[in-house]
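A.B. asks: Residues per chain are reported as follows:
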Amino acid sequence: MTTPFFSTLWLEEASTVAKRTDFAAAGLLAVSVLLVAVLAAVNLYFIIRYRRGSPAPRPPARIPSWKIETFWIAATTVCFLGFFAWGTRIYLDIERPPAGADEISVIGRQWMWDVRQPNGRREFNELHVPTHTPIRLLLTSEDVIHSFYVPAFRLKQDVVPGKQVSLWFNASKEGTFSLFCSEFCGSKHANMTGVIVAESPGRYADWLAQGDAMGDSFARGETLFLRYGCSGCHTQPSSVHAPSLEGIYGRRVPVTGGGFALVDDFYLRDCILLPGKVAPAGYPLIMPSFQGVVPEGDLVELIAYIKRLGAGDRGGSTPGMTP
Amino acid sequence: MNPATPIVTGDAAAEARATTNQLGMWVFLTTEILLFGGMFVVYSLYRGVYPAAFRQGGQTMDFWLGTLNTAVLLTSSLFMAVADRAVRANRRRQVTACLLVTILLGLAFLGIKSYEYHAKYAAHLVPGSRFRAGGGRAPQLQIFLFLYFAMTGLHAVHMIGGVAAVSWLLALNVRGRLSPARAEPVTMVGLYWHFVDCIWVFLYPLFYLVGR
Amino acid sequence: MSEKADYLAVDYSMRSWFCTLDHKRIGLLYLSSITVFFAIGAAAAAAMRIALLSPSGDLIVSDVYNRLFTLHGVIMIWFFLIPAVPNVLGNFILPLMIGARDVAFPRLNLASWYIFMTGASLVLYAIAAGGVDTGWTFYTPYSSTYSNSHVMVMAAGVFIAGFSSIFTGLNFIVTIHRMRAPGLTWFRLPLFVWSLYSTSIILVLATPVLALTLLLMALERGFGVGIFDPKIGGDPLLFQHLFWFYSHPAVYIMILPGMGVVSETLACFSRKAIYGYKVMAFAILMIATLGFLVWGHHMFVSSQSVYAGVVFSLLSFLVSVPSAIKVFNWTATLHRGSIRLDAPMLYALGFMGLFTVGGLTGLLLAMMAVDVHVHGTYFVVAHFHYVMVGGMVMAYMGGIHYWWPKISGRMYHEWTARIAALLIFLGFNLTFFPQFVLGYLGMPRRYYTYPAEFHSLNVMSTAGASILGLGYLLPLFYLTWSFFRGPMAGPNPWNATGLEWRTSSPPPTENFAATPVVTTGPYAYEPEEK
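Chains as they are written, first to last, in this note's numbering: chain R, 1 to 323; chain L, 1001 to 1212; chain A, 2001 to 2530.
If you are wondering where the hints come from, they were derived from the structure by calculation, not from laboratory data. Any given hint could be a false lead.
Said to hold, decoys possible - Covered, in the sense of this in silico footprint (three residues per stretch, anywhere, with C-beta under 8 Å from a C-beta of chain A), are these stretches of chain L:
hint	segment
1	1018 to 1024
2	1029 to 1037
3	1055 to 1064
4	1076 to 1083
5	1140 to 1153
It should be emphasised that the depicted structure is a prediction, and the values quoted were computed from it without experimental measurement. We treat Cβ as the ideally placed atom computed from N, Cα and C, and that holds for glycine.
Construct all of the structure, not just a fragment, from the sequences and the given hints.
C.D. replies: As structure tokens, then:
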């Protein structure tokens, strides 16, 4: 691979939000350049015209200063608030994933990215995505704080241990784009890089269908479900009164203390790691916490397994199958 | 605030100096409010999120020792205040007595605290590798106990500083260096002592009354 | 001319320096120490920039590089930038400027220096023992659980140095309240005093939170578990909130005194009162106040609440308004002034330009959508170097040159100083402007190795750094030389207003033979004919 000495001074816009971010940045940059140019010109003019000993007249000011101060305080504030509003609008769109987006799990750990596609296919330091499709990443860390950064998408999200965060995007062109870790995480922080591979939906589906050598992910999840003892309480017959998990994903369940909770990935994660947090109503609070017992990688597989329980779809490899 | 400081001499200068010193002490106490205040904010945040764990944590505390300690500190503040009055009334022996009692009560507080810390250690309740929660206890109990050791520990460090400062006052008094005209050090150390006492008055319910 | 010795000549013994209670000598103690620390921090920066000449990172291994950038941040922020203007220029000039004999608590002032040096010794020990690799930000859980370096010692050093900040702030607040000369009302105070006052408020309110944050992080490291540890239900983000609650106001601790210096020098070398004095004073107070409310803008992508982020973004835009106003007012000060481009003026003008660029790029960072892209990249690095180095360090250099005659009694060589200022300005821009581009292109910070497409911009940056380094070396030589051999300055070589110029250069130990009485406002300049 050739290593060009001269940096390209242009970063491609590979997501639907990239153009908007660039435009907003360019807008503020243009106003900034204008302001700096005006200030520089005015200052330079004053320095020359009013240099010591110059014959320029220096009568006392006629316009009262409060009028001028009010003017430029107001003008600056209005201008700044305009840019605030512009940036915030784009940001709120960045933070609100569209409903029904395909979900891909990403686990950051020192010093690699561990990616689990919806059908269980696993990648390391690589993320295959279909173009022109909203994709939602569910990210977590196994150890320290990392940050998942794709410059070409203009997106990043810090990845925090102990919680799951999400980042959504819609890749607008095919290609291979750099992935960096952008939160210092230790010795090999600068080596925690990878690529996003954006392909047309058809090619992505083909790639996904090839699977990997690690076997059917549903079977893997089932193994974990047995190994961690989940089936002891949650599969009938059991002497313990525990919620059945068949078809539970996507349902709204009543919780202790009143109200309802939507059973999504975040809720399932909390149930496994922090059982007391939002407990389903009508069940004794005896489930132990699996915090520190189930590593993040296994947690992802377990949740993927539970999602498909009773959904009538065992071990399929169709992308975009969120109920 | 004065619009500008006039030039003063003699008694007025001493009084001006006293005001300056007191302003300095109040600014210092403000920094302490920020220090402990930040800890109180952290405590409040976690208590809001883990009320059950904090209730359990409160139950691991020795209520009577905590209450005794509160009484000890409040009494010591009383004696400190009496010492301040005594020095301004030129009652040297009373000053010595009051300062001595303050020191002893302060040491008593620290002694009781050490006993409590040791008891926690023996019961495997110190956060870390030796921690054993026992059945039915929330994992977040360690957060409560961590905050207990951090906040009361920081308070204890301030107590040690306070005891040292009061001992210094005692030495001054024994050497005859305190008088109604030179009562300033007693007031300043008194302010600090009352402040540290005040912090304890807030710590006490957060740790000892939360489980009841 | 009085027969009395000035504060330098009154006693030459070591004891008279290390046990001094004279604020002027304490200022010089700080000057010597922070110059040494600046050199250490700069050496680390030089090593990093040389290493970054090559994308493959084969000059310095990752672990050493990580310790270098941590060292650079810790030393430069806590042992150079924060003490620079307040503890050197503030200590020296503040009592003189308000007509006082000394600060309110001279012994506390000396103690502050010793506490500062104790903290510095611990930090230097930590570095010598192998360093710390967490970055100056000490984020958990890396710092509290995973880092295998001397975190606790370095945190202890910073913790102790924090007391020096608190005591200095306390001293200045009480001094300004209680020790102003007769007739010196609040609105007759020079803006440098206003800036030191606001800075001192931030010092006493924010630094205790840093102390508490480092303490909690160190305890977590010591116990093995803690409140930032997700395994027991703790939140790593709480550390960030607590840390930035101090560290954002800290940047205003760094910049406000610099702005004060710029007001003084701009007024003197335009021979004109600062335009809009009351608005300027109010702007200083607004920056200090609003500066406490914006810390979350360091955490837009951290997974903090989206709505909290929106509020922080709004407040960040608002806190930039008073800063912008100051730049406009300084420009208006030049209008119809009588301007001479001495070195202090060059530094003040340089500050105005570079601070403006830095501040505007701060707005880009406050725009949340843009921050999502450039957070954690060289864009942020460029931004803060523009405000801190292009802004603050230039203001500090300007102040040193402006008050040099008062401090040393002698003049430095003007043309050498102007050349150095120009070198610094050019070298600085060449070093840091390419980093804006690097950041927007996506180069993350704290990277010892990087993809080849970032190569040429890195080379440009390093080239600039060598010019910048040369620019900083020059004053070290000519100022030191002038201290011993420069021409005598006389009490007021700049013909400036301000009480500090009404006494001899260097001043006697007690500052004034008789306490001055103030009858006019500040900056009562008449434009000169010549």
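A.B. asks: Run every hint past the structure and note whether it holds.
C.D. replies: Each hint, compared with the structure:
no.	hint	result
1	1018 to 1024	holds (count 4)
2	1029 to 1037	holds (count 5)
3	1055 to 1064	violated (count 0)
4	1076 to 1083	violated (count 0)
5	1140 to 1153	holds (count 7)
Checked against the numbered hints above, the structure breaks hints 3 and 4 and satisfies the rest.
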